[in-house]
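Asker: Below, each chain spelled out in residue letters.
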Amino acid sequence: MNSIQIENISKSYGNIVALKDISINVHKGEIFGLIGADGAGKSTLFDILVTLLLPDKGKATIENLDVVKDYLKIRKLLGYMPGKFSLYQDLSVYENLDFFASIFGGTIEENYDLIKDIWVQIEPFQTRPAGKLSGGMKQKLALCCALVHKPTVLCLDEPTTGVDPVSRKEFWGMLKRLKEKEITILISTPYMDEAMLCDRVALIQQGTIMAIDTPLRITEKFGKKLFSIHSENLYRLLKDLRMYEETHSCYSFGQDVHLAVKSQATSKNDLAQYLFSKGHENVIVKIINAGIEDTFMELMNNSLKVES
Amino acid sequence: MNTIIADKLTKRFGDFTAVDNITFEVGKGEIFGFLGANGAGKTTAMRMLCGLLGPTSGKATVAGFDVYKQSEKIKRNIGYMSQKFSLYNDLTVKENIEFYGTVYGLTRLQIKEKTTKLLERLQMISEKNKFVKDLPLGWKQKISFSVAILHEPKIVFLDEPTGGVDPITRRQFWELIYETADEGTTVFVTTHYMDEAEYCNRVSIMVDGRIDALGSPQYLKQKYNATSMDEVFYMLARETATK
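First to last, the sequence lines map onto chains U and L. Residue numbering for the first sequence follows the working numbering, beginning at 957 and increasing consecutively. Residue numbering for the second sequence follows the working numbering, beginning at 7 and increasing consecutively.
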């Protein structure tokens, strides 16, 4: 059963097309990720789903309620954490939570069970103004405020942007626990590694969906033989591999370079020989499976080629 | 020659120690990654090094100038770019470049030459009369960076320069960083992408205001018996992030 249905949604701002004919179904109780960079259209899609913006074309429902006609009903069952910190900076941590519980006609106690795990981490600071919290704490408070009325669908717009890797991991741990409580979670992120933590994802770029599937099946779409290569001088390695005639694409990945080749026939040995002839030392070549980031870039390049 | 020397640099706000006795040096043309969890003290340390905030104690020189007495000279000799403060949206690309050129005291002729060079390097000549607000984020970041080094500073400070950009643009951005460092400019960069930490010559990791680890990515991975910088970071920064 679908919790969110998006059918052929388009939205433009003047000449700028933010969303082009987007269709997505999010199943009940899944964590669905919208993976894309700033400006890909993720926030526009959220604004439409949380009934803050009207689409130009298309239709969307949340729990079978129409985002245009039934917007008042939708707002009651939806939890929304916008990309920009939107709590009251001069209210205390506790006052913010109390405020969000009361505008939905409830109390903190009613659904305390749902927020307990997260709330205990910020409780020591409950008298502090929300504006004075650190980034990680603000994020936890915003999540509590989005959850306090016990929504069935949770929309999180880039909750981990600008957050350090440790806090990001913790945040995903919290989401996994919410999933166990059968809340449907739609989350957007520019971090490709977070895609692997979702049940299914849509890769989105310039208002278009490049792929929708489980993270694993998306990476199977890569379709080229891929190597991970290491040598002493990364920058020179990258430059030399770009000149290699069998190169389809090559990108740095931390301490290694990922190289996709045109033909399946290219071997580790071929590469080692080529790099040796260019004077590289301590070269390590491995055959690897593509990850989400490899696939994202491959799909991006494909769509650029189609455009031009 | 070192372009940044910090010796027991400390900043306290009331009874809270934001930066606690940090000591490090950054060499000319080095790419230095300045890592730490949110709230570890990176921004405060960076503001002191940029001459924007006076330290409580300790010493530091940046581009050869003292952070206590010569902060104005520091500002002239550094470039700074952050994700938040970048360009004027209501000015065109060309106007933004001219504006920054003027602020940094370049002559009209210098500005003209630099503008052409910069637009060629970024392959953006045909976009020069476009308003910055109409450009994709990735382009804005590249222009911001180029503008930050327009006056050929000895050091450029980059505060999370690649946040939110797509993976291809992120990598193109790092190539700009490599080129700049190759030309002898010191690059001091903060990031939350741990793959980018691997691109730095050396990195430091701040925990609770202290520098708890410092060295090349290779060295740190060996020292902490980790396979990636992500693991190293996780081991060190976990403590602060959970507070």
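Take the hints with a grain of salt, since some may be wrong.
[Unchecked claim] Calculated lysine-lysine pairs in the DSSO-like style (CA-CA distance at most 30 angstroms, straight line): (1) U/K1195 <-> L/K65; (2) U/K1234 <-> L/K34; (3) U/K1088 <-> L/K227; (4) U/K1234 <-> L/K227.
[Unchecked claim] Restraint ranges, calculated between C-beta atoms of paired labels, are given here: (5) L/I11 <-> U/D1226: 41 to 49 angstroms; (6) U/I1059 <-> L/E119: 53 to 61 angstroms; (7) L/E78 <-> U/E1066: 55 to 63 angstroms; (8) U/K1013 <-> L/I11: 55 to 63 angstroms; (9) U/K1135 <-> L/I131: 46 to 54 angstroms; (10) U/E1079 <-> L/E126: 53 to 61 angstroms; (11) U/L1028 <-> L/T122: 54 to 62 angstroms; (12) U/P1085 <-> L/K90: 17 to 25 angstroms; (13) U/K1013 <-> L/A232: 44 to 52 angstroms.
What the hints contain is simulated information worked out from the structure, not anything from laboratory work. C-beta atoms are modelled at their ideal positions from N, C-alpha and C, and glycine is treated no differently.
Asker: Using the C-beta atoms of U/I1059 and L/E119, is the stated range 53 to 61 angstroms upheld?
Answerer: 58 angstroms, holds
Asker: Determine whether the Cβ-Cβ distance between U/L1028 and L/T122 falls within the hinted range of 54 to 62 angstroms.
Answerer: 57 angstroms, holds
Asker: Please work out if U/K1088 and L/K227 have their alpha carbons no farther apart than 30 angstroms.
Answerer: Judged against 30 angstroms, a Cα distance of about 35 angstroms means the pair is violated.
Asker: Within 55 to 63 angstroms: is that where the Cβ-Cβ distance between U/K1013 and L/I11 falls?
Answerer: 60 angstroms, holds
Asker: Keeping to a limit of 30 angstroms between CA atoms, is the pair of U/K1234 and L/K227 held or broken?
Answerer: Roughly 28 angstroms between the alpha carbons, so the hint for U/K1234 and L/K227 holds.
Asker: The hint says 17 to 25 angstroms between U/P1085 and L/K90; measuring C-beta to C-beta, is that right?
Answerer: 21 angstroms, holds
Asker: Given the hinted pair U/K1234 and L/K34, is their alpha-carbon gap at most 30 angstroms?
Answerer: Status holds; Cα separation ~28 angstroms.
Asker: Take a quick look at whether U/K1195 and L/K65 sit within 30 angstroms of each other, Cα to Cα.
Answerer: The hint is violated at about 40 angstroms.
Asker: Per the hint of 46 to 54 angstroms, is the separation of the Cβ atoms of U/K1135 and L/I131 within bounds?
Answerer: 50 angstroms, holds
Asker: Assuming the hint says 53 to 61 angstroms, is it satisfied by the Cβ distance from U/E1079 to L/E126 or not?
Answerer: Holds: the Cβ-Cβ distance is about 56 angstroms, inside 53 to 61 angstroms.
Asker: The hint says 44 to 52 angstroms between U/K1013 and L/A232; measuring C-beta to C-beta, is that right?
Answerer: 50 angstroms, holds
Asker: Is it true that the C-beta distance of L/E78 to U/E1066 lies inside 55 to 63 angstroms, as the hint says?
Answerer: 58 angstroms, holds
The structure is inconsistent with the numbered hints 1 and 3, although it conforms to all the rest.
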